[in-house]
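Make the full structure from the sequences, and use the hints.
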Amino acid sequence: MSELNPLNISDSLFATHLSSQHSPTYFGTSQFQPFPSRELIATSYATAFNYHSIEQQHSIDSHNSTTFSPSCCWEGHHRPLPPSNALAINATECHANPHECADENELEIGCGGLSVLSVSHDGTDNSLFISGTSADSLSPRESAGDVHRRPFNNILNSNNTPPLNSATSKGFRTELEKQRYLERRSRNNEAAKQSRNKRREREKFLEERVKLLEDENKHLKEALAKEQKKKNVLISRNYRGDVDTVVIEKFVPLLVDLEEEGQLAPVVDVESGTHMIWIRFNNIYVVAVSRCNTNVSLVQTFLYKLVAVFAEYFKDVEEESIRDNFVIIYELLDEMMDFGYPQITEGRILREYITQEGHKLEAAQQPRPPMAVTNAVSWRSEGVRHRKNEVFLDVIESLNLLANGAGTVLQSEIVGSVKMRVFLTGMPELRLGLNDKVQFDAAGRGRSKAVELEDIKFHQCVRLSRFENDRTISFIPPDGEFELMSYRLSTIVKPLIWVEAVIEKFSHSRVEYMVKAKSQFKRRSTANNVEIVVPAPSYSDSPRFKTAIGNCRYQPEDNSFVWNIKNFPGGKEYLMRAHFKLPSVLSEEVEAKRPIKVRFEIPYFTTSGIQVRYLKIIEKSGYQALPWVRYITQSGDYSLRLNSVT
Numbered sequence: 001m002s003e004l005n006p007l008n009i010s011d012s013l014f015a016t017h018l019s020s021q022h023s024p025t026y027f028g029t030s031q032f033q034p035f036p037s038r039e040l041i042a043t044s045y046a047t048a049f050n051y052h053s054i055e056q057q058h059s060i061d062s063h064n065s066t067t068f069s070p071s072c073c074w075e076g077h078h079r080p081l082p083p084s085n086a087l088a089i090n091a092t093e094c095h096a097n098p099h100e101c102a103d104e105n106e107l108e109i110g111c112g113g114l115s116v117l118s119v120s121h122d123g124t125d126n127s128l129f130i131s132g133t134s135a136d137s138l139s140p141r142e143s144a145g146d147v148h149r150r151p152f153n154n155i156l157n158s159n160n161t162p163p164l165n166s167a168t169s170k171g172f173r174t175e176l177e178k179q180r181y182l183e184r185r186s187r188n189n190e191a192a193k194q195s196r197n198k199r200r201e202r203e204k205f206l207e208e209r210v211k212l213l214e215d216e217n218k219h220l221k222e223a224l225a226k227e228q229k230k231k232n233v234l235i236s237r238n239y240r241g242d243v244d245t246v247v248i249e250k251f252v253p254l255l256v257d258l259e260e261e262g263q264l265a266p267v268v269d270v271e272s273g274t275h276m277i278w279i280r281f282n283n284i285y286v287v288a289v290s291r292c293n294t295n296v297s298l299v300q301t302f303l304y305k306l307v308a309v310f311a312e313y314f315k316d317v318e319e320e321s322i323r324d325n326f327v328i329i330y331e332l333l334d335e336m337m338d339f340g341y342p343q344i345t346e347g348r349i350l351r352e353y354i355t356q357e358g359h360k361l362e363a364a365q366q367p368r369p370p371m372a373v374t375n376a377v378s379w380r381s382e383g384v385r386h387r388k389n390e391v392f393l394d395v396i397e398s399l400n401l402l403a404n405g406a407g408t409v410l411q412s413e414i415v416g417s418v419k420m421r422v423f424l425t426g427m428p429e430l431r432l433g434l435n436d437k438v439q440f441d442a443a444g445r446g447r448s449k450a451v452e453l454e455d456i457k458f459h460q461c462v463r464l465s466r467f468e469n470d471r472t473i474s475f476i477p478p479d480g481e482f483e484l485m486s487y488r489l490s491t492i493v494k495p496l497i498w499v500e501a502v503i504e505k506f507s508h509s510r511v512e513y514m515v516k517a518k519s520q521f522k523r524r525s526t527a528n529n530v531e532i533v534v535p536a537p538s539y540s541d542s543p544r545f546k547t548a549i550g551n552c553r554y555q556p557e558d559n560s561f562v563w564n565i566k567n568f569p570g571g572k573e574y575l576m577r578a579h580f581k582l583p584s585v586l587s588e589e590v591e592a593k594r595p596i597k598v599r600f601e602i603p604y605f606t607t608s609g610i611q612v613r614y615l616k617i618i619e620k621s622g623y624q625a626l627p628w629v630r631y632i633t634q635s636g637d638y639s640l641r642l643n644s645v646t
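Residues 1 to 646, numbered by UniProt numbering, are exactly what the sequence shown covers, in order.
It is possible that some hints are incorrect.
Unchecked claim - What follows is a set of in silico ranges between Cβ atoms, one per label pair, in the way DEER data are often shown: (1) K388 / G340: 41 to 51 Å; (2) S272 / S297: 19 to 29 Å; (3) S560 / R385: 52 to 62 Å; (4) V409 / T547: 25 to 35 Å; (5) T301 / R523: 21 to 31 Å; (6) S560 / G340: 28 to 38 Å; (7) D455 / P537: 51 to 61 Å; (8) T547 / S465: 49 to 59 Å; (9) D479 / H579: 55 to 65 Å; (10) S297 / R523: 45 to 55 Å; (11) T294 / N232: 18 to 28 Å; (12) K388 / T245: 47 to 57 Å; (13) E601 / D455: 21 to 31 Å; (14) D470 / T301: 23 to 33 Å.
Unchecked claim - No more than 30 Å apart at the CA atoms, straight line, and that leaves these computed lysine-lysine pairs for DSSO-like: (15) K505 / K597; (16) K419 / K457; (17) K522 / K505; (18) K218 / K204; (19) K494 / K593; (20) K305 / K315; (21) K597 / K572; (22) K616 / K572; (23) K419 / K305; (24) K419 / K597; (25) K581 / K566; (26) K522 / K581; (27) K572 / K518; (28) K546 / K593; (29) K572 / K516; (30) K593 / K388; (31) K593 / K518; (32) K620 / K593; (33) K457 / K516; (34) K616 / K566; (35) K388 / K518; (36) K593 / K581; (37) K419 / K505; (38) K516 / K494; (39) K505 / K620; (40) K457 / K505.
Think of the hints as simulated: they come from the structure by calculation, not from any bench.
Backbone N, C-alpha and C fix where the C-beta goes; we use that ideal spot for every residue, glycine too.
Shown next, in the form of structure tokens:
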């Protein structure tokens, strides 16, 4: 900066504050005028206050003028100063608001503890004073705690010590000024403390958040590791050695991809010529791998049977039970399948030489292997003995029927099964003969106007070749209870119990039902435990019933009432009346029309007319056995639609 010409206080003014620690700051006016009363130009307080040079453009005229363009940093914002009294200060951080000094002609400039300057005007045209606590801006003999009042040009041109103000010796002209300064400093300290506390709270929050994210990441990794562990192979058996064991590791990824694509199928193609046939039980996948053209239904049936045998040995088929019983599982896998072909699938036979307690094969301890091991009869073992030889045979038929309100049958179907309980000694052969009326529909042969059974399914013990030749059902039965055969009959059947209901509504205040039930089977038969379920309005209450037989109860949870008849003989007809109030009905409401449901059971009766003509028991010892036959017809999905409401 070039040397300045002598200044005229009435024309222009420059004040330079020199400090060894800060850059110079300039104060100036283009044309000095008395400071207006109580006018605040700029005040700045900061915990850490640094001066910066104010960029300015000025030209010094030898007589009277200096051009000056200052700016002021007031709480982080720049604003221009008044043109007549230009005073500028630039700070890196401003925290406090401007404050007007006690003296009405005084301007105070504070910088939080580094320097406190007070600029004042005494009302004349050429008297301007600076008071401050910064020793750098004063003469060497002046201490930082003193207050100085002297003409402004004396500061620029003289280093003499100005006379001290007798008001105070602590750097403040008045006690009020000191009190205000202390209050400002206290507020600043409190604000700084709050800022530090907020910063610490924020840092603590961020630390807790980071810790929480780390814990979540740890749990996620553990879950992924656990899930990956679940996808591992628990146990495997390679029967032929033509399939690489690494192939099974591709099963789970392929299954996930197919499930996401919506193309999940019971057969998964791994490679060219390699297929995986799988089933899922609980959380376990049981997979069979093959490289040849395999019967998928046969393989899946074997897998389900494998799981059933596992359940007989250790009840719950889960991951832990498989790990705990892997010795037994390997023994079962070796006996149930040989070189990839299913062999023994009956748990009762397997228990004869594989025991759960020993966890090892005990067939070598027997004098000779049982007949089942030779695959002659895998469902029954030799040496079975009973004190009383009996055979119980049950023919059970379920009737599915749908009829409209006029009594026309829209759909009917009979689903039947023949179940047996066999308690016979040795290895007997049984032959079952049915009545001549029944004709089995086998490959289109034996056409007859009589009833034809469809979808016949036999137990594996039945000799199918014998049945194909002479229609004789011949078999060596398993010991205990089993289903010998099942069948289906699609034909129009007259409703065994016909129910019709007449519904009347009276002025939207009550509704009455008159229900009539009629049995349409032979008089010598009786239906037991008959339940007639009639739908009721959802908004009805106060039910009242009157029945000729049995009892009636209201079921509000189902919006229906049930008429129970313990014994309903054939050829009989009974009436029942029901009355409901409709207190909240304001307008006609349309409800879905639900049908009447009927449940019943008729013993010693078959809808299809199937009968057992004979049951022969052939055994080499020639003992006498007692066969018992029972017939039962029961309701399946039996629905009767209602008439229109009158």
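Structure-based check of all given hints:
| no. | hint | verdict |
| --- | --- | --- |
| 1 | K388 / G340: 41 to 51 Å | 43 Å, holds |
| 2 | S272 / S297: 19 to 29 Å | 23 Å, holds |
| 3 | S560 / R385: 52 to 62 Å | 53 Å, holds |
| 4 | V409 / T547: 25 to 35 Å | 27 Å, holds |
| 5 | T301 / R523: 21 to 31 Å | 46 Å, violated |
| 6 | S560 / G340: 28 to 38 Å | 56 Å, violated |
| 7 | D455 / P537: 51 to 61 Å | 41 Å, violated |
| 8 | T547 / S465: 49 to 59 Å | 57 Å, holds |
| 9 | D479 / H579: 55 to 65 Å | 57 Å, holds |
| 10 | S297 / R523: 45 to 55 Å | 47 Å, holds |
| 11 | T294 / N232: 18 to 28 Å | 25 Å, holds |
| 12 | K388 / T245: 47 to 57 Å | 53 Å, holds |
| 13 | E601 / D455: 21 to 31 Å | 23 Å, holds |
| 14 | D470 / T301: 23 to 33 Å | 28 Å, holds |
| 15 | K505 / K597 | 22 Å, holds |
| 16 | K419 / K457 | 12 Å, holds |
| 17 | K522 / K505 | 36 Å, violated |
| 18 | K218 / K204 | 21 Å, holds |
| 19 | K494 / K593 | 23 Å, holds |
| 20 | K305 / K315 | 14 Å, holds |
| 21 | K597 / K572 | 19 Å, holds |
| 22 | K616 / K572 | 39 Å, violated |
| 23 | K419 / K305 | 20 Å, holds |
| 24 | K419 / K597 | 27 Å, holds |
| 25 | K581 / K566 | 29 Å, holds |
| 26 | K522 / K581 | 39 Å, violated |
| 27 | K572 / K518 | 6 Å, holds |
| 28 | K546 / K593 | 24 Å, holds |
| 29 | K572 / K516 | 11 Å, holds |
| 30 | K593 / K388 | 55 Å, violated |
| 31 | K593 / K518 | 22 Å, holds |
| 32 | K620 / K593 | 63 Å, violated |
| 33 | K457 / K516 | 39 Å, violated |
| 34 | K616 / K566 | 37 Å, violated |
| 35 | K388 / K518 | 44 Å, violated |
| 36 | K593 / K581 | 19 Å, holds |
| 37 | K419 / K505 | 49 Å, violated |
| 38 | K516 / K494 | 17 Å, holds |
| 39 | K505 / K620 | 73 Å, violated |
| 40 | K457 / K505 | 51 Å, violated |
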